[in-house]
Structure formats: structure tokens, C-alpha cells
Amino acid sequence: MSTSKFGEYGGQYVPEALMPAIEELEDAYERYVLDNEDGFMDEFRRRLRDFGGRPTPLQHAEQLSERYDSEVYLKREDLVHGGAHKLNNALGQVLLAKYMGKERIVAETGAGQHGTATAMAAAHLGMPCEVYMGERDINRQRPNVFRMRLNGTEVNPVTIGRGTLKEAINETMRDWATNVEDTHYVIGSVVGPHPFPRMVRDFQSVISEEAREQIREQTGRLPDSVLACAGGGSNTMGAFHEFTQDAEVDLYAVEAGGSSLEVNEEEGVAPNSASLSTGDEGVLHGARTKLLQDTDGQIMESHSVSSGLDYAGVGPELAHLVDEDRVTPVTVDDDAALEAFHRLSQDEGIIPALETAHAFGFAHENPEKLGDVTIINVSGRGDKDLESVIEETGKRDIAAAPDMDVFTGGGL
Amino acid sequence: MSTSKFGEYGGQYVPEALMPAIEELEDAYERYVLDNEDGFMDEFRRRLRDFGGRPTPLQHAEQLSERYDSEVYLKREDLVHGGAHKLNNALGQVLLAKYMGKERIVAETGAGQHGTATAMAAAHLGMPCEVYMGERDINRQRPNVFRMRLNGTEVNPVTIGRGTLKEAINETMRDWATNVEDTHYVIGSVVGPHPFPRMVRDFQSVISEEAREQIREQTGRLPDSVLACAGGGSNTMGAFHEFTQDAEVDLYAVEAGGSSLEVNEEEGVAPNSASLSTGDEGVLHGARTKLLQDTDGQIMESHSVSSGLDYAGVGPELAHLVDEDRVTPVTVDDDAALEAFHRLSQDEGIIPALETAHAFGFAHENPEKLGDVTIINVSGRGDKDLESVIEETGKRDIAAAPDMDVFTGGGL
Amino acid sequence: MSRIDEAFADGPAFVPYLAVGDPDYESSKAYVEALARGGADVIELGLPFSEPVAEGPTIQGAVTRALEAGMTPETYFEFVGELDVDVPLVCMTYYNLIYQFGSDAGPRPFVERAAEVGIEGIVVPDLPAEEASPLRDACDDLGLDLVFIVAPTTEGERLERIMEQVSGYVYVQARLGVTGARDDVSDKTDDALARLTEWNVPKAVGFGIKTGEHAERIVTGGADGIIVGSALVDIVAEGHREARPAEDVAADLEAKARELTEGAESGYAQRVPEPEHT
Amino acid sequence: MSRIDEAFADGPAFVPYLAVGDPDYESSKAYVEALARGGADVIELGLPFSEPVAEGPTIQGAVTRALEAGMTPETYFEFVGELDVDVPLVCMTYYNLIYQFGSDAGPRPFVERAAEVGIEGIVVPDLPAEEASPLRDACDDLGLDLVFIVAPTTEGERLERIMEQVSGYVYVQARLGVTGARDDVSDKTDDALARLTEWNVPKAVGFGIKTGEHAERIVTGGADGIIVGSALVDIVAEGHREARPAEDVAADLEAKARELTEGAESGYAQRVPEPEHT
Ligand SMILES: Cc1ncc(COP(=O)(O)O)c(C=O)c1O
Ligand SMILES: Cc1ncc(COP(=O)(O)O)c(C=O)c1O
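Chains as they are written, first to last, in our numbering: chain S, 45 to 456; chain L, 45 to 456; chain H, 530 to 807; chain Y, 530 to 807.
Hint data in this document are derived by calculation from the structure and do not stem from the laboratory. Using N, Cα and C, we set each Cβ at its ideal position, and we do this for glycine too. Just to be clear, a hint being listed does not mean it is correct.
[As the list claims (entries may be wrong)] List time: in silico DSS-like cross-link candidates among lysine-lysine, alpha-carbon distance up to 30 Å:
| no. | chain 1 | residue 1 | chain 2 | residue 2 |
| --- | --- | --- | --- | --- |
| 1 | H | LYS558 | H | LYS739 |
| 2 | H | LYS717 | H | LYS739 |
| 3 | L | LYS142 | Y | LYS717 |
| 4 | S | LYS49 | S | LYS142 |
| 5 | S | LYS142 | H | LYS558 |
| 6 | Y | LYS558 | Y | LYS717 |
[What the hints assert, rightly or not] Listed next, with one range per pair, are the computed distances between beta-carbon atoms:
| no. | chain 1 | residue 1 | chain 2 | residue 2 | range |
| --- | --- | --- | --- | --- | --- |
| 7 | S | ARG75 | H | PRO663 | 44 to 50 Å |
| 8 | H | GLU684 | S | GLU412 | 45 to 51 Å |
| 9 | S | ARG89 | H | ASP716 | 51 to 57 Å |
| 10 | L | ASP416 | Y | GLU689 | 57 to 63 Å |
| 11 | S | ARG93 | H | TRP728 | 51 to 57 Å |
| 12 | Y | GLU555 | L | THR339 | 21 to 27 Å |
| 13 | L | ASP226 | Y | TRP728 | 28 to 34 Å |
| 14 | S | ARG93 | L | GLU306 | 43 to 49 Å |
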């Protein structure tokens, strides 16, 4: 049996009603994913290629390489169908749900990227799908809401709390607990109870499988560093996994520093989403991991300019790798992320997701950490963020931002 | 010397001020593109792969295949960086401009896809860029305008006329005529004076090069038909070119039928963009081709729900292939295109561009024409069209459309 | 035999739930005491957690009100210590609050403090049997019962694993989903009870019970107790919404408790006589 | 020697341009006649085309007004036929209108009809020498001059190819870009004229000339004529915008024509004597 823990982290802290489904999933994970029963993994890889557009390129970034005096390579997950790495996992899980005979899919979404990926995968495989999304996020990422609807998915607004990812996960767990018999919950990151963190990582590892081979082909060596943003940590683990055994490769998990790393215990608000960097151990959404919590153990409201990083928890495996000193957690704040968003758009002709922009913010602030060869994971594209970027750029004085005159009258 | 004509069509009908630049371009086209001088084509192909994300998959579409009782394969140009086939050409031309020592790029855009593709290519290659776009199109495709600005491109609104593609081309030609010495005009389709139609086709032919090989790998045979939408006709020629010698492959160019194929001579308005199907010979934007014009030769205002097809002309090579009976021109109207947009989004989890949706509309209305194996070119993704689709769907009773309750309060 | 076991010994037990501190400290105390007066045999006292994943909208609302009014684990324990009731108290909360309490890692400090203020049992909706041993050990050492939930989906080996660990009573979840009062009684209740006959531990059924009539039906079906939360929280919420005096709300809660107690007793009276539990 | 050649024979030619039908048929006629009175030696009469790619905003405006007022090729020819002026007329239009005219394909029907109403030359901004032979042939057959434009970028072989085909006069484009009145005279004018000295055909400079002073400078520099469009269309546009009586606008046009004619003549007088053109 696959172990449910990563060191002290992980486990299965869920309502009893879900445990049978989780056991069933564990069994399916082992048979189909680990043992390729009925050719599951072959079908998954074929669909990831034909429907998803894999492999994605590893692109040498000329302007950034010059800027940082390091050979910068971009792993282009923004080119995956739907615009982010999220499809790697969503397609895997929806297909697995089909193999398991499930008849309905539910999912949570923050930035809407996991929701759109799940909606696409569900339409592709003919599965009915409902997605829970915080009301605040619905307003921050309207194009993604519309895309889900177009794919035939129901979008259920979650109005409780601050209306972001944490609440959406709560609500999806409640749906799952109600409809567990015929429903699979497609969780969107390497979080949740075992076997999710391990399974999602396995689906996402295609990123580092490809990148490791590509960098050796292109440079004849391994990189000195790999950078990925970290919300729940699925693009992160996906980009790191195959490199974890390569001790010479530094792995940087770039978290959202938000507006500040200080917390407001009184209000229960952390104006950041830096759970690896500043959080401590606790239990949330089915797993023991590093969390943003107050001293009592109440979960804090996190914050980030990017919805997809705006989460108080993080994958248990990452928490473990940080404790083991294998992964270095670092933070980039909202301002620097926006700046990096504009810089990449102009320098390289790639408009990144705001989540992704954090990884580039770190490269910009710490070029000396990159080494001679670095890989930055472009976890997604920024089309979903245009409205937020107009608004957030307008509030700040961002050197790299273009003049936005064409947009008198605001919003899109 | 490459010939400037396709049968009677083509040629070089431009102001004298541009002729030296066009001769220079012709020379550069022959040396770099046709003869791969200085390894131009190698660099182009490498960048198309690493930056652009090629090759794109040829995906078997399971739900459509069942629906139409034909093996339907989708050529996934929507997965190209930027979301459409347009980058194939834009990257080629911006790179060529660099090889030619030009220092500035101008381009026109309709749907904004060619503009964003050019803006991305220009940022990627470090070239200053200005894009002309009709004011009406700016309003129909705001996300694309914003993307261009983010890539550092200037967007110049064109207010004359109806403010669509035709006027944007006029205005870009005027800019080019003014700044011809250091500027290259990256035209967005297989239109304009020689060598543009031939050169743009060559850059886009990668679509059918890949598709022809992929279909043979996947089915062991050639398709019975290839379908592509046709505005200027660049995705069309790109998808057809390598099949033109295969007499057994039917080639369907699907034009925008708009609201009607009837024209209003009085008003000078054709409520469609079906120049291949209903237009006749004339000279526009540098080439002799099929046009929507009144009996005097004044160009009509065209119309389509999709900005990218909304053009009164078409590539001269397509006009020639239609006269030769090698390509069959057909039309799909606004309603059927919207219906097809929703159908593909729900059936296959792919949200197509409204332009692309026309090709699917034809398949739906004429499944018997597809033969046993068909390739439909998915020229682009629909993210840019979300606003238009909400609005246009709201005006109609579209069976395939989802309920749009989440969007009370209108637009995005 | 624990005091909780005893509460189930003579006739059906009525086990009400309230979120502590909803809508404020003092009212909440009055409400708990009213439930005791209304006939409660055991009281489940909810310690509010920010992520109540197992709760429906009613109890989510209670938790939010209590947290906004400043409820914390330490305040909760003070509250329990001050309570003037003579029935066994069970703490219901989520694992993170148990895990974080005190300076040492692990659940022991929480259980120690709970024992100190007179808590006699604990139930943790997000702690399945698989992850329970540290808490189980602490409860055993300190003489607390550890209640587990059995869901409609719990069968076979899983059921056995839980039933080996449970003490006090087993919380029989009457239907899938989250907490919340319902207008009907779940069909699954009887099945669930049937699966449990071979075990001797008292079976308290919860999830959806709203009226005396529901209570009656469920006890008739063989339950040893009924757990009622949302139907009571609804009364608290309405009182809060309408800014009614706490005494009036308390009186309503007492009346509701009585209705449910009586319903349960009436159900018990109708039962085909069977060997009583020890 | 055509009548157009003759117009350049004695002293510098003033060649004004107006879009026919701007802002309406009758006013437009009055305006053209006013230019003749003001000293025009040749008049370029624009036949409005929907896609005036070589024009700047001023002439685009004129074209739009004329089209909206109903101008068509056939109306244009009627207009020309009715004109009461005694200077050679040159039709300026885009190739598609020439190509589409009449029932036969090709430019011949257009040229025949133009000849019939008294047009003596044609200039087509989007028809480079490479594509001109069918029109060239028709013009030759019917005795019309075919004027070509030489741009600042036209050099070497291209220049020779054009100069071999041109007749009437060569239109020397003074600067890159599109039509439009400017406040300065382009530096490139002298270079352009210098490149053309070896050919005997009259050289008329256009693009940007606005004042008598500009005209003077350009003729001093060696031009055989000046072509002025936008500066005149500006007067028409302003009259239209302010709804002034057509006679007043016509008077202004006549005055402007006179200013430009005089400027040109004064420039000619200042020229270092050189062998006159034949
Ligand atoms: C583009 C992109 N990158 C990163 C993330 C963060 O998620 P994770 O840390 O699981 O990769 C998201 C989440 O929505 C995302 O959309
Ligand atoms: C996605 C897409 N498809 C098709 C077209 C039509 O252009 P063409 O006919 O040149 O392929 C456009 C033009 O913008 C487009 O954006």
C-alpha cells in the first residue's frame, strides 16, 4: 500500500463519510496510476498529448538570460490546453473517475484555472461537472467562470467567509460528503487527504520528466536551479519531482508574499500566502501540513494579488521537503509579482499568470541564486488576469507597466 | 524569381513609394525563406517549436466522430502560443524583418489575433511594434487590445469607416508608405501584394505539413476532406497547402455567411464576408482577387459575428484554387457559427474562436460531405470572444448554449 | 462504565448540540443550561473552528457568530468550567484545534485541559479511526470517551476498525452529507442501525432530526439516543436575528428539548421489547 | 505633343486636385471652374474610391463626402462632360474602379469613356509600372497620357522602368507617406528632381504643398509644376463644415489658386537661367 505520509505530513483527516471513497480512490490510484492497469496511464498520456498539447517546450529565454547573466529556460506549461499546468492533473483525475465508474465530478477552484481545466476535461470525457468557487474569486476571474459555463459545467458561488479558495474547498468537501457514492472530487493541487497529494504529484510530474530530459538535450547538463511558484504546490511538485534526487539542483518554491509577511492575529488575517515560509504545522483539508494559522489553530485568511496562490495551506510533500532542506521556500510580494508580470510580457512576449509571475519576481530579485543554468516553470498564461492586472497596476506605480491610455473607462 | 501571380490573381497593386520595399522583401523572401540563407528557416522552425509550441497535436474528436459518423480529427492550432495559427506567420515575418535589418514593425489586426501574435513575436525578438485596429474591433476584442499593450506594442485606433479590418489595413499601408525605409509591414493573412500571399502561405504551411504526416501516422491514410474557415485565408491555405496535390482530398473553405448572403448595393453593405462564394474579381490592398464590391467597383462593408472573418477580400491563391475547382467555397451564417461554438465547447471541451466555429458549423450542416476521415482546422481559441459570445448569444435563441445566469449584469 | 454510558443506560438518550459562544458567551451559557432543564442526557458542546467542513449552513452560521464574538479554545474551557449542568459533556471540534492546543505538539494538552474542566468525551468530525491513536491514547489515559462517527458508507472492515475504538457512544450519521435539520427522516437510519446490532456500545443517531416525531421514529427504529444540532441552532439563530431576549430564546430551547425528549421516550415505549443494554 | 505637355511648355504649371462631387455635384463643379479661373494649367479630378490608401485624412474626408453624396464613375464622367474649363483634365483614381468599369473586364472601357468626356490623362496611385501595361495600351490607343508617380524611394532600375512609360508629366512625390498639406517643404524634393534631370518629361512636384511660398521654393528648385490637393480640399472641407455659400468657397479657392500660381511664377523668375524644356 502507498504510504499516506511524507515524514510527519500528510495523512487522511476527513469526515468518516468520505473515508470509504478515499479508500476506493487509493485502490484505484494504485491499480490504474501506479500499475497502469487496463492501460490507464497509456490512455492518460495519449490524451495529454493529443488533447492537452504535450510535450510543452523548454524555451531558452534570450532577454532574461542576458538580464540575469544566467541561461534561463522556461518550461512552457502556459501552452497546455486551457492555459496552465492544471490540465495535467484534471485530465488524469477525470479519466480515473471514469475508470472507477463514477458519474459526476465536483471540483473547487481559486483562480478558476483548475475549474476550467476540470470543466474541459469533463466535457472531453463526457462527465457532468460542478465547480465551487468563492464569490470574490468569481469577480476576480470572470473569464474563467464563463469558460467553465461554456464547457457545460455548473459554477456554484460560495458566499461564506472571504469567498476564496479555502472556502471553495470546504464547500466542495461538503458536496462530496453528500454525493460520495457516484461522485469524484477532483482536487486541484497536491493537497487534501492521501492519496491526493501523491496522485496529483504523479500526474503533474510530467513537467519535470520532460524538463529534465529537455535541459539535458539542450545544454548537456542539469540545471543549477529550478523555480516554481507555490500555492497548493502542484506546479511546484510537478516541476521539482524528477529533480529531487539530483542533489546539485536547487529547488525554489516561490510563495506569495502578498502585501506583507506580518500577520494580524486580531483579525485572523495573514496578508500573504506564505505557508511554507512562515506557517507552522497543523491539519487542514484532510492533511497535516504547514499552515497559516493563529496560535489557537484557527486558519487565517490568506491574501495574494493572484487568486491561485491565495491559500492558507500547502501540499504536505512540499512541507516535508522544506523541513528536509531539499526545497527552499522564498517569497515575492504583490508589487514585485506585478512588476515581473509586466517585465516578462514585454521582454519575452509571454504574458504569464499572476501566480507564475511570482517565480519571475524571485529571479529578478535574486539573480545570483540562479546559477549558470536555471529552469523557471511558466505554470500558466495571464489571459485570466487581465482585469485584475489593469486594476492592480492602476493602484501602484509600476516601472515596467505600459501606459494604459487605451483603457480609459477602466476594466475590460 | 518567384512569380507574383496565381493564374489571373495576385500581383502588386501598391503605391510606388512601397514598391522598392516590396522588391526588397521579395528578394529577402527568396533568399531567406526559399533558400534558407543564413539558416533563416532553421531558426524560424526552432523558434516556432520552442516559443510557439509546435508541433500542435492532431486530435481525434470522439464526440464529433460519433455525431457525424465520420472520423473527425482536429488540428489544434488553438494551442499555438497566443491562441491561434497567427503566430506561425507573425513570427516568420518579424524574424525576416530582423534579418532584413528593419527596425520597426507595423501590423493591422481585425480580431486582434494577428495583432497579439505580432506583438508577442516583436517582444520576443526585441522589435518595436505598432498595430492598427478598427475602433469597432477594439470594442469587440478588448482582451486582445490589452494583451498587445502588455507586450509593449502601441495600438492605434482607426476611426474612419466602419472601423474594422479593411480600414485597419488601409491605415497600416499608409503608415508603411510613410516609414517604409526602416519599417516592415507584417501583414496578417495571405493577402496583399506579392510576395505576401506566397510568403504567408509558406509560413502557415507548417499546419498541413504536420497534419498530413499526423493523419497518416494515426489512420494510415489521407483524409477525405479538410475544413478550414476563411477570412483572408491564411489558416485556410496553411491547412490546405500540402494537400493540394492530393486530388482525392476535398478542401472546404468555410466563409462567414453573416446574417445573409444578399447584398445591399444601395448602402454598399454585404451582410456577410463570403468573398470566395459570392464576390467577383477586382483589386484590393495590393492584389487582384475575389472581392465584395458593388457594380462600380467600390468595396462593400462586410459583416460577420467574428471580427477575424470580417473582410471584403480574400487571398488570391484561394481565389485561383476556387476557379480551378480545387477548393470548394461554402458559407456558414452567424447563427450556425454561434451554435457550433457552443457545441464544440460542450462536446469536446475546446472553446474555439468564433472564426474557427464556422468550420464546425459546416461540418454540422453537411456531415455527408466529410467522408470517412476529415480534418478540421481549429485555427484559434475563443478566449478573445467571450464578451461577444455573451452578447450575441443573448440576442438569439441558441439551442446548444448554456444558461448564463451567473452573468446577470451582462458582459465580462 | 463512564457517566456517558450511564446516560444511555435507562431509556433513550437525548443528546443536543450547540456551538459554544453562539451568539455570545452569556446567552450561550443560558442556552446550554436550558437544554439540560429540557431533559438532555448528554450535551455536545461545539468548539468553533474556522473550517467546519462537516457542517451545513446552519451550524456554519453558529460557528461564525461564535468566532466573531471572540470564542477561543481557552475561553471555551472556561465556559465549560462555569456551566451549571449535571449531565455529561462531550466536546465536538476539529482536529487542528486539538492538535494546536498548548505548547506541546499533539493532542494531550487539549485532553488534559478538557478533563480539568469536566469534559467527559470528545468527538472529532475530521478524525477518522486511521489517524486517531494519539488522541485515543490521551483520552484513555485521562478517562475520556472518544466518540466516533459511523457514516452510511461505513461498512465491513472499516466499521469493525471504528467499533473497536469507539467508547461512550457511536454517532450514527443518518444520511450522507453535512449537518442540517430536515423535514424527513432518512431511510438509511434503519440500515445503519441494523449494521451495528452486533456491537454493544450505545447508538446515537444524528444528522437531520428536527421534531419530536422524528425522534420518536428513530428511537422506534432501535436507536439508543438521538443527536440534535441544527434544529436547536435554528432557534438560537432566529433569536439572534430578531434580537430577542436570551431568556425567551432559552425558554424556546427548553421547550424544544422537551419535545424531543418526549418524542424519544414515546418511541422507546412503542419498541418491541428487547433485551436492554447494560 | 499632348495638351498636357503644352501646359508645361511655357513656365511652371499649377496642377490643382479636387475630389469630384465633394461635397456635392453642383458645388464641386463651381470649385473646379474657380481653380481654372485662378490659373490652373492642368486639373487633376479625383474619382472617389472607397479605399483611398494613398491619401491622408484630408483627402479621405473629401472622398467620403463625395461618396456619401452619391458620386459614381458614371456620374463622374457626366460631371467632367459638363465642365466649362479650358485646361487639360487628368483623372486620378484607384485601379479597381478602372478595372470594373463597363461590362468587359480590363481597363479599356474606362479609358474609352474618359476620352469621350474629354479626359486627357490618367494617374493611378495604386498602379505601379509593373502592372500598368493593359492600361498603358488602352491610353496609347486612345491618345491619353498615363502619368506615373515617382517616390523618394524610387531609384535605379525602377526609376528607369517608370520613366520609360510615363507621359504627360511625372508626378514627383516630395516625401514619403500619404497626401496632406504640410507646413514645411520636404528636403527630399531637390534630391528627387536631381535624380530626374536626365529625362525630358515635365516634373510636377506634389505631396504637402500648401502656400505660395512653398510653390515658389519648389519651382526655384527646378520643378516644372506643382501639384496641390489637400490645401485646396481643406478650403472645401471648411466651407462644408461651416455651411458657407458655394460662391464664397469658390472665391477662396480661386484666390488660393492665384496665390499658388503666383508663387510658382515667382520661383520660376528666380531660377538661374537654364535651357528651357521642349
Ligand atoms: C497558473 C497557475 N499557477 C500556479 C497556481 C498555483 O497552484 P499550484 O501551487 O497548485 O501549482 C495556479 C492555481 O490556480 C495557477 O492557476
Ligand atoms: C482564430 C482565427 N481564425 C481565422 C482567422 C481568419 O484569418 P485567416 O482566414 O487569414 O486564417 C482569424 C483572424 O483573425 C483568427 O483569429
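So, going through the hints one by one against the coordinates:
no.	hint	result
1	LYS558/H - LYS739/H	holds (22 Å)
2	LYS717/H - LYS739/H	holds (16 Å)
3	LYS142/L - LYS717/Y	holds (27 Å)
4	LYS49/S - LYS142/S	holds (27 Å)
5	LYS142/S - LYS558/H	violated (51 Å)
6	LYS558/Y - LYS717/Y	violated (34 Å)
7	ARG75/S - PRO663/H: 44 to 50 Å	violated (31 Å)
8	GLU684/H - GLU412/S: 45 to 51 Å	violated (58 Å)
9	ARG89/S - ASP716/H: 51 to 57 Å	violated (44 Å)
10	ASP416/L - GLU689/Y: 57 to 63 Å	holds (59 Å)
11	ARG93/S - TRP728/H: 51 to 57 Å	holds (52 Å)
12	GLU555/Y - THR339/L: 21 to 27 Å	holds (25 Å)
13	ASP226/L - TRP728/Y: 28 to 34 Å	holds (29 Å)
14	ARG93/S - GLU306/L: 43 to 49 Å	holds (46 Å)
When each numbered hint is compared with the structure, violations occur for hints 5, 6, 7, 8 and 9.
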